[in-house]
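Assemble the whole structure, with the sequences as input and the hints as a guide.
Everything in the sequence shown is counted per full-length UniProt numbering, starting at 1 for the first residue and increasing by one.
Some hints here could point you the wrong way.
Unchecked claim - Subject to a maximum C-alpha distance of 30 Å in a straight line, what follows is the list of computed DSSO-like cross-link-like pairs (lysine-lysine): (1) Lys7 to Lys47; (2) Lys57 to Lys47; (3) Lys57 to Lys13; (4) Lys7 to Lys57; (5) Lys47 to Lys13.
Simulated from the structure, these hints should not be mistaken for lab results.
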Amino acid sequence: MATGTVKWFNADKGFGFIAPDDGSADVFAHFSAINSSGYRSLDENDKVEFETQQGPKGPQAANITVLR
Numbered sequence: 001m002a003t004g005t006v007k008w009f010n011a012d013k014g015f016g017f018i019a020p021d022d023g024s025a026d027v028f029a030h031f032s033a034i035n036s037s038g039y040r041s042l043d044e045n046d047k048v049e050f051e052t053q054q055g056p057k058g059p060q061a062a063n064i065t066v067l068r
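Laid out in structure tokens, this is it:
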């Protein structure tokens, strides 16, 4: 699993981007990939753990977990 920081996340649209800690390209994050019950959203600068998959438009995060 990779770790990174939420660069931005638009809760109204349900997506944003994560900046991986390894310095690789930003990864697309969709609300459906967030491991959470209830309202699924991320806040800017949240530290997260995730898996990277190839999405239709490039790297996409899966199994996103907020590290608190």
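Okay, the hints, checked on the actual structure:
Proposed proximity of Lys7 and Lys47 is supported: the alpha carbons are some 10 Å apart, at most 30 Å. For the hint linking Lys57 to Lys47, the alpha-carbon distance of about 24 Å falls within 30 Å, and the restraint holds. Restraint check for Lys57 and Lys13: satisfied, since their Cα atoms lie roughly 17 Å apart, inside the 30 Å limit. Only pairs whose Cα atoms come within 30 Å are accepted, and Lys7 paired with Lys57 is accepted, the gap being roughly 18 Å.
Proposed proximity of Lys47 and Lys13 is supported: the alpha carbons are some 21 Å apart, at most 30 Å.
Consistency note: the structure conflicts with none of the earlier hints.
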